[in-house]
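Novice: Spelled out from the first residue to the last, the chains are:
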Amino acid sequence: MLAIETTHLRKEFGSKVAVADLNLEVARGEVFGFLGPNGAGKTTAVKMLLGLTAPTAGEATLLGAPLGDRPTRARIGFLPEHFRFHEWLRAAEFLDLHGRLYGLPGARRRAAIPDLLALVGLADRAETQLKAFSKGMLQRIGLAQALLNDPELVFLDEPTSGLDPLGRRLVRDIITYLREEGTAVFLNSHLLSEVERTCDRVTFIRRGRTLETIALRDGPETAVRLTLRVGRPDAALLQGLAQFGEHVLLDRGSGAITLTIAGEETIPRLARWLHEQEQNLYTLSPQRLSLEDRFLQIVGEESEG
Amino acid sequence: MATFIFAQLTIREAQRRRILWVALLMGIGFLTVFGVGFHYVMLELEMFSDGGTMNTAAGGLLAIGLYATSLLVTVMTVLVSVTTISGEIDTHTIETLLTKPVRRWEVVLGKWLAFMLLLALYLLLLAGGLMLFVYLRSGITLQNVPAGLGLMLLQGLIVLSVTILGGTRLSTLANGVLAFMLFGIAFLGSWIEQIGALFQNETAVDIGIITSLLLPNEVLWRRAVTLFLPEMADSPVMSAGPFVVISQPSPAMVWYALFYTAVLLLLALFSFSRRDL
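Protein chains in written order, with the working numbering: chain C, 1 to 305; chain Y, 1 to 277.
The set of hints was computed from the structure by calculation and includes no laboratory data. Computed from a predicted structure; not experimentally measured. There may be inaccurate statements among the hints.
[To be verified] Under the rule of at most 20 Å between Cα atoms (straight-line distance), these lysine to aspartate or glutamate pairs were calculated in the EDC-like manner:
(1) Lys-16(C) <-> Glu-13(Y)
(2) Lys-131(C) <-> Glu-88(Y)
(3) Lys-135(C) <-> Glu-181(C)
(4) Lys-135(C) <-> Glu-93(C)
(5) Lys-135(C) <-> Glu-81(C)
(6) Lys-135(C) <-> Glu-87(C)
(7) Lys-131(C) <-> Glu-81(C)
(8) Lys-131(C) <-> Glu-93(C)
(9) Lys-131(C) <-> Asp-90(Y)
(10) Lys-135(C) <-> Asp-276(Y)
(11) Lys-131(C) <-> Glu-87(C)
(12) Lys-131(C) <-> Asp-276(Y)
(13) Lys-135(C) <-> Asp-124(C)
(14) Lys-135(C) <-> Glu-88(Y)
(15) Lys-131(C) <-> Asp-96(C)
(16) Lys-135(C) <-> Glu-152(C)
[Unchecked claim] The following residues of chain Y were derived to be distant from chain C, with all beta-carbon distances above 12 Å:
(17) Ile-5
(18) Trp-191
(19) Ile-210
C-beta: ideal position from N, C-alpha, C; glycine also.
Excised from the complex, chain Y in its bound form:
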């Protein structure tokens, strides 16, 4: 019950602090830029290309848009959730909440659920908008859309759980540094893995896998793009890029990511219940 109150409060805060409106407005801007760009590229392709090349190029553009979405969603998740617990501890706002007959973990879970909902809606707006635009303009559709979007959502939930857990013990800034650096390391590791796979260097691939275990965020994107565009994964047309997957992440990585998220969330609930305020 109190979990629900805290979730509602978190959403209301996002609304009152104009986070929702700015995000919505900028999201529309993002879709507009993509839409205009996509339209003009298609005009060019329609004049000079055959159907196959056109489909591959359109799919590639869509993949770029989705990749940008995946990065944006990750970064924005960190930004909006990084102060939510440590900030209320710093301002002592939390004291009047926790002296009520509520359980401490209800505060943490409520916030987590609220951010999950906001994240899911925003992902749906951006990714759904991109897909809809591409479909209306070129008739191209992606495969395994619900599963792929689910993986992109999980990308956000992973960093959300990191910042929520960090917020129970770290200052806002330290928490932000932790989340972004973890993301940065996993990002770099993922590229080392890709390049390692290209040159068949096993050590490089292993480095990538280890960093993915540290933060299985980027690896989920690669999994998602192979679901969305399975034929592009083996297409020789495109050179290496974030939307071409040379080293295929194992399906076990998805289970690992789910487990990782759940464990971090549970740790956050436990950690906050135990700390002195």
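If we strip away everything but chain C, and leave its shape as in the complex, we get:
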């Protein structure tokens, strides 16, 4: 069963289309990044998934249940982007309130609250009113709130935007911990370096459409861009290379061939094959694309089109 699945999810506000066609599959236990330029429809998409906004068309499930299913919400955590909480509550009271709203019994709340306060580094602030909190502290307490119910799926909307480097580290550590616990994380963030460090897969959206989903974790499935130069870069060779990867291109000026392969384990096979073809190999250079490169490539391409 998937943590999130959407098919052709769409939201219109009057004549304005906020989300045109959203197709997502997020696996259980996966850390999933949701990327796109400002105004791409990310926030509306998250609000639809959480049942705050009703979709105009399309279907979606969270943890196997249709959107808006009330019991399912007990298994989900959410840290909103505009985290404004009841500022007249004390930190421990705030967590207790949200624990009650999750339907957690008193004993479980009393056990979980000190642990969570410690987890987000606010153990000594339990009795401080939220109005005395800095933006970073509010974000931390918001994060603790999202984890109260040991959720199976957590939505984090820009969780590091208000944080200093120490706070970002903390969020990264918490995401790592959630992954180990088997919790799926849906991460909406502008900080590509953060996303690159924490996410298993990311999807790019623009103008309310999902463009492409790519894997980020190190391992055989990570896409690599290969550049090679050989003795005879003819049509037959290019055709043959197509079996190893996609986007096979020949730069006629330099004679360099580039192609994107699925993972590094393809490289030795490709080298052997070139040898069998009696090709002289001058250059074979793999390059992992940074997330920023991919972002500009994928989202940029689309915006030019």
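Fit chain Y to the given chain C structure using the hints.
Specialist: Just chain Y now, kept in the frame of chain C:
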């Protein structure tokens, strides 16, 4: 269950934001001013008046105090409840609440119940204080006290339901304008009805009745005062005023007010459940 949590939260907010303490303090101030004023008027009356005149005058003063209470309760209900839903939507506070396994209408109902309780307690403090003081100083008691207080409470609940319903769709300021203007129109209409009744102008009376249907708030006050002081309603001693009722509201108006409150509350529950956030 969640309704209860939201009710509790609303009361705690009123407490933490010092609304309760300021209201209590100012309420005591209100009662003190009335008490001192009443005492000195009574001193004067005791010297120069007979028992009957004294009773009428004391009853009239009490009616003025209760009328002020009725206005205060209405205005304060609007003030404290006008931001409760739209404010939490504006600040996005509502998002972390509604993504919990709660029903949206539980939020609205919880808030409504909390404000009802605060309103009832405050009404009891002010109106009860006035009545107690008048009784202790002059021995005068009102009639039909529980029924009359019930009508005054209903006055507050009507505007509460208006602001709660408005808050599910309107901005805080627009909601405040709506509530106060509705109140203002009904207030004006009620006076036109009174004056119309004095000069036996049926059109003026009809205007009053129509505005009362729009917001049956002021009309409940007139009903309440005829319950409290039935003899004063026909007394020729006092000239026309808010505590003298020339055009008697029909008892059906009370049923209408109850129905009005219930419908607005149900609409609010429904409206909030359906909106995008």
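Novice: Please go over all the hints and tell whether each is borne out by the structure.
Specialist: Each hint tested on the structure:
A hinted pair counts as satisfied when its Cα atoms are at most 20 Å apart, and Lys-16(C) with Glu-13(Y) does not qualify at roughly 38 Å. Proposed proximity of Lys-131(C) and Glu-88(Y) is supported: the alpha carbons are some 16 Å apart, at most 20 Å. Between Lys-135(C) and Glu-181(C), the direct Cα distance comes to roughly 28 Å. Violation of the 20 Å bound is thereby established for this hinted pair. A hinted pair counts as satisfied when its Cα atoms are at most 20 Å apart, and Lys-135(C) with Glu-93(C) qualifies at roughly 18 Å.
For the given pair, Lys-135(C) sits about 12 Å from Glu-81(C) by alpha-carbon distance, which is consistent with the 20 Å threshold. For a cut-off of 20 Å, the pair hint linking Lys-135(C) to Glu-87(C) stands: about 12 Å separates their Cα positions. Distance hint between Lys-131(C) and Glu-81(C) is fulfilled; the C-alpha atoms sit about 18 Å from each other, no more than 20 Å. A C-alpha spacing of about 13 Å is found between Lys-131(C) and Glu-93(C), which places the hinted pair at or below 20 Å, so the restraint holds.
Annotation: proposed proximity of Lys-131(C) to Asp-90(Y) holds, straight-line Cα distance about 17 Å (limit 20 Å). Between Lys-135(C) and Asp-276(Y) the CA atoms are separated by roughly 27 Å; this puts the pair beyond 20 Å, and the hint is violated. This hinted pair checks out: Lys-131(C) and Glu-87(C) have alpha carbons roughly 5 Å apart, not beyond 20 Å. A threshold of 20 Å between alpha carbons decides the hint, and for Lys-131(C) with Asp-276(Y) the separation of about 28 Å lies outside it, so the pair is violated.
For the given pair, Lys-135(C) sits about 17 Å from Asp-124(C) by alpha-carbon distance, which is consistent with the 20 Å threshold. Using a Cα cut-off of 20 Å, the hinted pair Lys-135(C) and Glu-88(Y) holds, with the two alpha carbons roughly 18 Å apart. Pair hint Lys-131(C) plus Asp-96(C) holds up; C-alpha atoms about 17 Å apart against a cutoff of 20 Å. Note on Lys-135(C) and Glu-152(C): the hinted pairing is violated, with a Cα-Cα distance of about 27 Å set against a maximum of 20 Å.
For Ile-5(Y), the non-interface assignment is contradicted: its Cβ lies about 5 Å from the closest Cβ of chain C, within the 12 Å cut-off. Against the 12 Å criterion, Trp-191(Y) stays outside the reach of chain C, whose nearest CB is about 41 Å from its own CB. Here Ile-210(Y) stays apart from chain C, with its beta-carbon at least about 35 Å from theirs, past the 12 Å limit.
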